[in-house]
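So the chains spell out like this:
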Amino acid sequence: MSLSLDRDESVAAVAESVGRYCGSLAEGAGFAEAWRGFAELGLFSLPELFGDNSHAAMVAAMETLGRNGFYGPVADTLTFAACAPADLLEPVVAGEVVACLGRPPLVPWPDARAIHVTEAGGDAALLEVEAAEPVAMLSGDPWARVRASAGRALGPFVPWADCYDLCVSGWLVGAGLDLVEAASAHASQRVQFGKTIGEFQAVAAPLARAVLALDAAKVLAEAAAAHLDAGDGRLVTAARFSAARAAEQAAITAHQTYGAFGVLEGGPVYARSRRIRQLAAQFPQERPVDALAALGTGSLGIVRAQAEMAR
Amino acid sequence: MNLSLSPEDADFLAEVQQALEPFADTRGFVVSNSTPELKAFYKALAARNWLALSWPVSAGGMGRSPVQEFLLWNEAHFRNIGRAPQGVGVVAKTIIRHGTEEQKAAWLDPIRRHDITFALAYSEPNAGSDLGSLQCKAVLEGDRYLVTGNKCWNSKAHTVDYLWLLCRTGEASSGKKGLTLLIVDAKAPGVVIRPLELMCGNMVTEIFFDRAEVPVTHRIGPENGAWRLITEALADERYVHFTPGRVRYDYFTLRRWLEEHGRLDDPSARRRMDELAVLVLQAEAHVLRLLATPGDSSGIAASNKLAHVNAIQQIARAAIALGGIEAMELDAPTSLHWRQTMTESIGGGTTEIMESIIARQRLGLAANR
Ligand SMILES: Cc1cc2nc3c(=O)[nH]c(=O)nc-3n(C[C@H](O)[C@H](O)[C@H](O)COP(=O)(O)OP(=O)(O)OC[C@H]3O[C@@H](n4cnc5c(N)ncnc54)[C@H](O)[C@@H]3O)c2cc1C
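Keeping their order, the protein sequence lines are chains A and B. Count along the first sequence from 1, then add 1467; that gives the number in the numbering used here. Count along the second sequence from 1, then add 230; that gives the number in the numbering used here.
In case anyone wonders, no lab produced these hints; they're calculated from the structure. Source: prediction; values computed, not measured. One thing to keep in mind: the hints can contain errors.
Here's a subset of chain A near chain B, in silico, CB distances under 8 Å, partners left out [to be verified]:
1. Q1659
2. A1669
3. E1732
In the BS3-like style, the derived pairs of lysine-lysine whose C-alpha atoms are separated by at most 30 Å in a straight line are [stated by the list, open to error]:
4. B:K407 x A:K1662
5. B:K334 x B:K386
6. B:K323 x B:K406
7. B:K367 x A:K1662
8. B:K406 x A:K1662
9. B:K273 x B:K334
10. B:K407 x B:K417
11. B:K367 x B:K386
12. B:K367 x B:K406
Where is the CB? At the ideal position from N, CA and C, for every residue including glycine.
Go ahead and model the full structure; you've got the sequences and the hints to work with.
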């Protein structure tokens, strides 16, 4: 089989149906309603449905959500659905509760019915939240400063972090691409000095650099997911690093391309740029990239790993 | 090279430091627009006639040098107090240079006493970087102009008494040659001002004029001759608005924050802070170039703005990167600076426009237009 970056048909179908659902969500639809809809669509059953191919499917779904500006704790909830023991899954997969990863004292989604997971001594563990005080955060999502302790252990944390990193990478790539494409559309319409501003190299070049980084980040995220599905997680941290930097650069470039309109509170960029920024610091944070493991020692990195796996 | 302050300047700086101490952390850059605290600060400066520090004595000012004016505002920024009000800079200095004797008598005293305030009404929905294409129109009828059109992004305009309006009196196609400056009563019939919130919580506005009446005596400078007046004033103002004191304040705020949160011990954080310190010094270097270069300095003014904005944005981005999740609290100084500094590469002329000015003036390139 020759090299191809096309998604498998079933994975492409996931992206398409998530996209269709996002498009059908009425303007101002409430979070709870949207969340239930995603559950009905089968979003939180992806790990179960896709089994060996589930990271690729999750990345595709997350990228579509990023493109459509929907966040909520989907990355966390998908990670939970992929990694938590079977007896905890039902309400999460049904969309009745959200699952969140967090490290006290600051944790997201302080809803009493949310399931919180943390990391303790290298293991994932349920978090028993005793008291919570709401905190306004940059991302705009509900957060709280909590008193909490680790409860039931849920196995090694590495698979959780891997899955979360890939989901977040997908979202960041989608959000970044959407911002850059929207900013480029603005640049091809907005006229100053008798020209569309996209004709000025000072506007065009940063957009080009942003999309260059995002296009690479997309391939890395999808490749890292494919490798992880095949049991090799060595590209995961590089994928997240690449997606985070690319999305951040895209956000800054979009702010700048839109001029004053781009820095309005309700403007076309801030809702996404604030999340992109916070995701870099949110638990589970980016892990250091192990350069040698990610690069390998042969003449290729991404492709090499595939060849190795085929063996 | 002489890098020391003269004895008079050093004495003045000491006096400024003492006078400004009670107003530290008025937070004029972020969150607040025109708070009572900021007003009290301006009033305290007015009581010393420092709002008119560099105006000529004949105009009611103190005739001090740009260096002293810089020292005053640099100190105000370093103490997180706030920027100079628009009236005392762009507006008053233009009236001093180009106003009639009657206009000087009418406007300058209330401005330096901070009894009246101004907002700049230049930008329009379709004319931002390309200000010369603005379309808001003023038509002379008898002894008054009738103004019709829109403005936007005007800092604090919903809180001020007067608008410093740049409008078109020439043909629609007259470009920079058909523009005129008018002073418009912000509460006049036919003027509607609506606030818009920026991502940092600060307010700008959109303004709608519908045949608003402006007495012809409120025109500053010649009809169709405003372009030279405003470019001269904008460059003039950059050492007052974009000071290294602000950069230094942001730097030390981050340093303190990292220290308090036990993150400064991390060697990579320390290295990043050392690199950022160099940007603080670079911002200072550019303002020194500006102060040491009399005459047409729009190229250096652009360099100063660019170095300033680059430094505060890098500091804000490092804050978020080094600070972890605690740095993401919406109103933590770290996240506030990130949100606020994002607006600085747009307001007062965008980074791309500053770069093209430098390319043209410093390197002789025909950049961008
Ligand atoms: C915080 C803030 C305060 C402000 N306060 C005031 C105020 O008090 N009064 C007032 O009148 N206005 C004010 N403004 C408006 C400000 O002056 C304009 O936003 C600015 O001039 C840019 O115009 P624009 O937003 O229309 O962007 P555009 O001009 O549409 O620019 C969009 C992008 O295109 C780029 N671009 C445009 N032309 C070129 C070119 N020739 N070469 C390269 N790149 C180019 C720009 O750099 C920018 O990245 C404020 C803006 C902000 C953000």
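Cross-check of the supplied hints:
For A:Q1659, the interface hint holds, since its Cβ comes within 8 Å of a Cβ in chain B; the closest pair sits about 4 Å apart. With a cut of 8 Å, the hint placing A:A1669 at the interface with chain B holds, because the nearest CB-to-CB distance is about 4 Å. With its C-beta approaching chain B no nearer than about 4 Å, A:E1732 sits inside the 8 Å limit, and its interface hint holds. Using a Cα cut-off of 30 Å, the hinted pair B:K407 and A:K1662 holds, with the two alpha carbons roughly 20 Å apart.
About 24 Å separates the Cα atoms of B:K334 and B:K386, which keeps this hinted pair within 30 Å; it holds. Restraint check: the Cα-Cα separation between B:K323 and B:K406 comes to about 21 Å, which is no more than 30 Å; the hinted pair holds. About 23 Å separates the Cα atoms of B:K367 and A:K1662, which keeps this hinted pair within 30 Å; it holds. Of the pairs offered as hints, the one joining B:K406 and A:K1662 holds, with about 17 Å between alpha carbons and a cut-off of 30 Å not exceeded.
With a CA separation close to 21 Å, the supplied pair B:K273 and B:K334 stays within the 30 Å bound. In summary, the hint linking B:K407 to B:K417 is supported, as the alpha carbons are separated by about 29 Å, within the 30 Å threshold. A threshold of 30 Å between alpha carbons decides the hint, and for B:K367 with B:K386 the separation of about 22 Å falls inside it, so the pair holds. In summary, the hint linking B:K367 to B:K406 is supported, as the alpha carbons are separated by about 13 Å, within the 30 Å threshold.
Checked against the numbered hints given earlier, this structure breaks none of them.
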